Amino acid sequence: MSGKNILFLFLLLFIPVSLAAHFLEWGDLVVFITAGLAILPLAAWMGTATEEIAVVVGPTLGGLLNATFGNATELIIALVALNAGLVDVVKASITGSIIGNLLLVMGLSMLLGGLRYKEQKFESIVARVNASSMNLAVIAILLPTAMNYTSIGISEQILQNLSVAVAVVLILVYALTLLFSMKTHAYLYEVGVADADETSYKKPNLWLWCGVLLVCTLLVALESEMLVDSLEVATSQLGLTSLFTGVILVPIVGNAAEHATAVTVAMKDKMDLSLSVAVGSSMQIALFVGPVLVIAGWVLGKPMDLDFKPFELVAVAVSVLIANSISSDGKSNWLEGTLLLAAYVVIGLAFYFQPVTPGIG
Amino acid sequence: MSGKNILFLFLLLFIPVSLAAHFLEWGDLVVFITAGLAILPLAAWMGTATEEIAVVVGPTLGGLLNATFGNATELIIALVALNAGLVDVVKASITGSIIGNLLLVMGLSMLLGGLRYKEQKFESIVARVNASSMNLAVIAILLPTAMNYTSIGISEQILQNLSVAVAVVLILVYALTLLFSMKTHAYLYEVGVADADETSYKKPNLWLWCGVLLVCTLLVALESEMLVDSLEVATSQLGLTSLFTGVILVPIVGNAAEHATAVTVAMKDKMDLSLSVAVGSSMQIALFVGPVLVIAGWVLGKPMDLDFKPFELVAVAVSVLIANSISSDGKSNWLEGTLLLAAYVVIGLAFYFQPVTPGIG
Amino acid sequence: MSGKNILFLFLLLFIPVSLAAHFLEWGDLVVFITAGLAILPLAAWMGTATEEIAVVVGPTLGGLLNATFGNATELIIALVALNAGLVDVVKASITGSIIGNLLLVMGLSMLLGGLRYKEQKFESIVARVNASSMNLAVIAILLPTAMNYTSIGISEQILQNLSVAVAVVLILVYALTLLFSMKTHAYLYEVGVADADETSYKKPNLWLWCGVLLVCTLLVALESEMLVDSLEVATSQLGLTSLFTGVILVPIVGNAAEHATAVTVAMKDKMDLSLSVAVGSSMQIALFVGPVLVIAGWVLGKPMDLDFKPFELVAVAVSVLIANSISSDGKSNWLEGTLLLAAYVVIGLAFYFQPVTPGIG
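For the record, the sequence lines run as chains A, B and C.
So in full-length UniProt numbering, spot 192 of the first sequence is number 192, and the numbers just go up one at a time.
So in full-length UniProt numbering, spot 124 of the second sequence is number 124, and the numbers just go up one at a time.
So in full-length UniProt numbering, spot 118 of the third sequence is number 118, and the numbers just go up one at a time.
Keep in mind that the hints were calculated from the coordinates and are not lab data.
Please read these numbers as outputs of a predicted model, since none were measured by experiment.
Keep in mind that a hint or two might mislead.
Same chains, same label: a pair holds when it works inside one copy or across any pair of copies.
Computed list of lysine to any residue pairs in SDA-like fashion (alpha-carbon distance at most 25 Å, straight line) [stated by the list, open to error]:
(1) K268 - L341
(2) K268 - L188
(3) K331 - Y187
(4) K268 - T184
(5) K331 - L172
(6) K118 - L179
(7) K118 - I171
(8) K302 - F69
(9) K183 - L341
(10) K183 - E119
(11) K121 - K331
(12) K270 - L341
(13) K183 - V169
(14) K118 - L178
(15) K270 - G63
(16) K270 - L108
(17) K270 - H185
(18) K331 - L188
(19) K118 - G330
(20) K121 - Y189
(21) K302 - I171
(22) K121 - A186
(23) K118 - G63
(24) K270 - S132
(25) K121 - K183
(26) K183 - G62
Based on the sequences and whatever the hints tell you, model everything.
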């Protein structure tokens, strides 16, 4: 059993601890931290269950499953927070997830991979196709913000309508992206599939893994409830604004599984796969998670538009530009990883120093 | 006779229909639509005439002719609209043409080409040189807007002076670009010339085509007059702002010939030529059409500066970034075409939802 | 003796002339111009002395010396100006140096090199690594401006704290960049070292060159004092704002040595080296000179933050985008050089027309 698995088993202990903290009223800060820690192993097991089920049901249905459940943890936390009315935190977590995947995940992968290998290469077509889709998706999801920031007299209603329209277009694009990668150009992606096959020699038990997925999903939802309930008091005790919480803290918890995967494979010199995880996750957030949240907010009666803070727009644009600049040569080394992490630190500092403004709790 | 030519012959019928609509007062909406349709075949014939004349007069003079008349339809519509005082529509049509060429034309070409061919390549040096010039030209033409948006207390006069100065620099750059492509580095462009030669086995009749060019130019000017006269009433009947009209509708009419050419050659797997048309046309608008309109406005006493709406700046910048991102790998497929079209739709939605502000009719 | 050296000897005459102008009170304009001219040969000799000393003390210490003294002239002028309280000019000179290196130096190199050679290539890994670091550094140094521009209610103190924090991160990144280029990946940079060796067959005299470096540094500091003292009156006599002076004039004086080197080697078809100078100097300004000035301002009691004018942000972003776009294909010709110079002229025009606003003298 690997060190990672032992860590995950240990972290499972935080499920009862967080429940105890909640019911015995040990304080919001303790609930917040323990619930956050409890989500990490559950997210990892949801990922494993999804992959095992995908192997059984075949590439097409499995691909769809992966595409839908790939960011499930994040989506669940965001839906719970949205239902609790924390619209600003949810919106901040969308931009924060994109920034975190492109700078923190990619940066850690390149740094830790680069400390072991002098130079790592990643030149597959998949990376390039994903990067284009990701660039488009990120730009599209930021357009309502750009429009609101550069125009005068745009009503809330117009922004809401534009956001829903953009969300519909993005979900359609996501469906077409799946059609491309699973049907018309599936051969481009075969390397990745072969790679997944390697790890499973005997056919996994479908019902077992469906059960695991179900239980983990329910537990993540439960822990998310406690995380969200304690969020406002806990972060204000830590002296953090809800913007910083949404942009930096929530995405680290929600994306921890991707972080672990991307870094692990980078240390095995599979940079193509590592970058696919980071870029693909950013793409899924902009093409699927974000749009679904806009439509869910509309259904739940908690209207959420895509009008982010202007500085979030700047931070995401900057992350995309730096990630493109560093990954465009198809090679990486420890310095490039450090540059990405430095960019993440500088952006984090800027969010830390950002004053509380009306509209953000 | 190809289907395209039959369609163009049919569209010629709209010349008498639009005249009837105008003189029999069938309403501005009918005049607007029929005049718009009548311009399409005229623009296509102007393009054919220019190319035939270019074959006769030789590469240098022919190249100059192509460079000057390449965007003639657009320039005529814009000059008529400028003379009628529709400065905002003219300015919007400049940014709209750039956006339309980079997203709509390139997107349709990649999509329709990609539905027939699994993967299409375009790797000529010409594409790269044009892309660099286009990037610079677009940035330069947007600088006065950026300056005005980011500074306080800039007078109209300063903006006008800066716009004229920028226009002069851009026309000089355009002249140098022609010198580069026709004299000092003409060998880079020889593929394109050979391609044009293929289609004409016998020497065309110079005077015939000069006559065609003259008649078409006059008719385009006539139809443009009717289009512009009916524009304000017609678009307000359709519930469209003049910004949307300028950014989306006018460029589709003005660039229809380029659209047809780019898509047709893309479907013959000549993606290099297809992209050259789209990128080259964007470049010509920023380096030649825009600057000429600034100077023409100054001469006509209808001062026009290069201070666009801030959101136009965002939309153009985004179009350039997406087009660069998608074309940089030298390959295309139907998904990339779809991504460009999706970006066009999202930007179109944003302009559709943009409220009417003072300064825009 | 080359023409360049004769010119430099001639320019040394401006040292006594500028002193005479200062003490005999010939007027601020004369002092300003003569002191500016006197700095040019001194900067060139400081560069030569640094390189000669680097040869003696070996690659590691020599590399550190080059990295620290590479932008010494600029740093000295900026420190003198900062001490005199000209914070706005110093800040403007940081952005101006980046713009000047990327557009003016790179543009002149590509143009003059391109007039002699039809096509020039530069494909070394060094150029790419430097470009990534430079992109990051420039983005990081601009983040406080972007944050201030897109947020409301940020106090001076917050901006100052954020600027110091960013400065510390950037200096750490600079140290890591040196570690990368001198230790862990030194083999990537060996071409450049060999190149430097060629020019010196016998071991240079260490003490002689240390003396030269010391004398030149003192003289540059002296001339900088006179330049800075006369700056405000002289530039207002020329009708220039202090913003234009800081962005355009001061960097031309401060970077003249790099300009001469980059253009000279470009004309010998060593484009890799030429671009390394331009990109590397931009990187050093953003990673080292700028951060050092922030910390020096704090020590000197002349607090300087990294909150530039919004249009400076636009101008630097645009310069980086154009330079990346033009250099990304690894080839250059005279047209690309002209495009860079045209961008510099357009940006210069925009700064020239920028009105004086409160906060800028």
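Using 25 Å as the alpha carbon limit, work out where K121 and Y189 are close: within a copy, between copies, both or neither. both (17 Å within a copy, 19 Å between copies)
Given identical chains, is K302 near I171, meaning Cα to Cα at most 25 Å, within a copy, between copies, both, or neither? within (20 Å within a copy, 45 Å between copies)
When Cα atoms must be at most 25 Å apart, do K302 and F69 count as within-copy, between-copy, both, or neither? Within one copy only: 23 Å inside a chain, 54 Å across chains, cut-off 25 Å.
25 Å Cα threshold - placement of H185 relative to K270: both (22 Å within a copy, 21 Å between copies)
K331 and L172: within-copy, between-copy, both or neither at 25 Å Cα: Answer is between; shortest inter-copy Cα gap is 23 Å, intra-copy 33 Å.
Regarding K118 and I171, is the shortest C-alpha distance of 25 Å or less found within a copy, between copies, in both, or in neither? between (40 Å within a copy, 24 Å between copies)
Status of Y187 relative to K331 across identical chains (alpha carbons, at most 25 Å): Close inside one copy (24 Å) and across copies (16 Å); limit 25 Å.
Are the CA atoms of K118 and L179 at most 25 Å apart within a copy, between copies, both, or neither? between (37 Å within a copy, 14 Å between copies)
Within a copy, between copies, both or neither: which one fits K268 and L341 at a CA-CA cutoff of 25 Å? Answer is within: at 20 Å inside a copy they meet the 25 Å cutoff, but 39 Å across does not.
Alpha-carbon proximity context of K268 and L188, limit 25 Å: both (22 Å within a copy, 24 Å between copies)
When no copy is specified for K183 and V169, does a C-alpha distance of 25 Å or less occur within a copy, between copies, both, or neither? Within one copy, since 21 Å is at most 25 Å while 46 Å is not.
For the identical chains here, do K183 and L341 meet the 25 Å Cα criterion within one copy, between copies, both, or neither? Intra 36 Å, inter 21 Å, cutoff 25 Å: inter-copy only.
The structure is consistent with each of the numbered hints, conforming to all of them.
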